[in-house]
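This is what each chain is made of:
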Amino acid sequence: MLRTDGVSMRFGGLTAVADLNIEIDKNEIIGLIGPNGAGKTTAFNMITGVYAPSEGRIYFKGKDITGEKSHKITERGIARTFQNIRLFKEMNVLENVLVAGYLRMGTNVFQATLHLPGYLRKEKKSREFAMSLLESVNLADQAEESAIALPYGKQRRLEIVRALATKPSLLLLDEPAAGMNPQESIELMDFIVKIRDEYDLTILLIEHHMQVVMGVCERMYVLDYGVTIARGTPEVIQKDQKVIEAYLGVE
Amino acid sequence: MDLPTFFQQLVNALSLGSLYALIAIGYTMVYGILRLINFAHGDVFMLGAYFAFYAITALLMPWWIGFIVALSLTALFGIALERVAYRPLRDSPRLSVMISAIGASFLIENLGIVIFGGRPKSFPSIPLFDTVVRFGPVSMLSVSLFIPVITIGSLIALTLIVNHTKTGLAMRAVSTDVDAARLMAVDVNKIVAFTFGVGSLLAGLGGIMWTMKYPQLNPLMGIMPGLKCFIAAVIGGIGNIGGAVLGGFLLGIIEILIVAFLPALTGYRDAFAFVLLIVVLLVKPTGLLGKSQTVKV
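Chains as they are written, first to last, in this note's numbering: chain A, 1 to 251; chain B, 1 to 297.
No lab work stands behind these hints, which were simulated from the structure alone. All C-beta atoms, glycine included, are put in the ideal place defined by N, C-alpha and C. Honestly, I wouldn't trust all of these hints.
Stated by the list, open to error - The calculated DSS-like cross-link candidates involving lysine-lysine, where the alpha carbons are at most 25 Å apart (straight line), are:
(1) B:K190 to A:K167
(2) B:K190 to A:K122
(3) A:K124 to B:K190
(4) A:K69 to B:K190
(5) B:K190 to A:K72
(6) B:K190 to A:K89
(7) B:K284 to A:K125
(8) B:K284 to A:K89
(9) A:K194 to A:K154
(10) A:K167 to A:K194
(11) B:K291 to A:K89
(12) A:K26 to A:K89
As the list claims (entries may be wrong) - Example chain B residues on the side facing chain A (calculated, C-beta under 7 Å, incomplete):
(13) K166
(14) A173
(15) R182
(16) L183
(17) M184
As the list claims (entries may be wrong) - To list a few chain B residues with every Cβ distance to chain A over 12 Å, as calculated:
(18) V132
(19) V178
(20) Q216
With the rest of the complex left out, here is chain A:
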């Protein structure tokens, strides 16, 4: 599904990510963990085309997508959420989902502006799709409310739904459990598994909540100062000496 081949990112003299080799198969849930500043979000930014990597290639479904523009990559089927929530603040809940859903609507600027035939039908369909997504996360009742008026946990869920509206096959979640209490985190784990099954997704997630990562991820990669220091199943990672050092420091 996704493969990165020796990907590196340098900002001036700083190497944020060095020689990253990730391989993800269809329908896997993979964790990307590491201390703060390890280069996890930078890795996400390279995969989604926010940055073009300094070195290496990124392959998605066998195609080289290195350096493609973000909106093209989203069209190919990679969607993401953000570490710090980035909803469209001035829009209501439904509109946030609609923006993303329009990608798959298949109308152009002129049809949309002039309301040419067929547009209204498609418009109705994408509204229904957006509402069904909102229903699946119990946000349908608040569709008309302002997105930033939602409580924090719901904003997180809305962000995930917005990403789902682009109908991705690979979903990148950047710290989905950030700021959640233990109860919410457990709900989130169930939710992640649920959407994976329901929407036939492959998921790569960055997370600090070890409970979430260990509970939901089938395999994981550990970064420290941009370098991949370990990879494997949760059991392997928990016992890995380098990982323990990175997190707890060396005695």
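Given the coordinates of chain A, assemble chain B onto it according to the supplied hints.
The following block gives chain B in isolation, referenced to the frame of chain A:
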């Protein structure tokens, strides 16, 4: 002042105000999307008028075809301007883009002098717009009646586009968070091009209407209206389309009222726009309809 004079001035004020509003919309739309003041907007306005002039006088098109051709060319020019002068600087500091905008403005003005000639040209008379209409003692050019209708029509159309179409939603998304919009598969370049196209089209429309009202063209004719409409957009709250229209009307009305009530100050009529700008910025820096932004530290 007697009643007929009052109405006469009111009509003048409304038609000038709606002309300002039409041009101010372009400033505000571009700012809303890119946080960029397109200083060349006034020159796009000038080009619109010249395109129509040449379409009608040199290519001998009927006026309405000439107008359509001129407006399309103006819209395309606006899109090309963004592509050449602004897009390469999209990620540069705001100041660089602003300098590029000022440079583009000077370039267009001076190319205008080279290509169109510095001597003013007079716009051919089009009976539909040139007729003098009388309501009792109040008389006006018919174009003065068309302008407010066009402005209000454009305002309604734009509001519908922004609030009720896919394109409009994408525009709002880009305006709030460019990167997030891009990652939701919004083609930002397309949306920016669309915005410049529509803004320039309205500037072109403003330019043509302006030359109907004041039937003389010269390559520097866009400078003053451009500046004033920028002021109108700021007064109304830049980034807000309704605000631009409000600001435009306000500016037009105040300008005409000053000329009407204080004839001695007529020579300073342009200065009042700037005084108004200073006052508004002092009292309400975000403009009349602008949202105050609280900056979190």
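Report task. Could you tell me which of the numbered hints above are not met by this structure, giving the numbers in increasing order? Result -> 7, 12, 19
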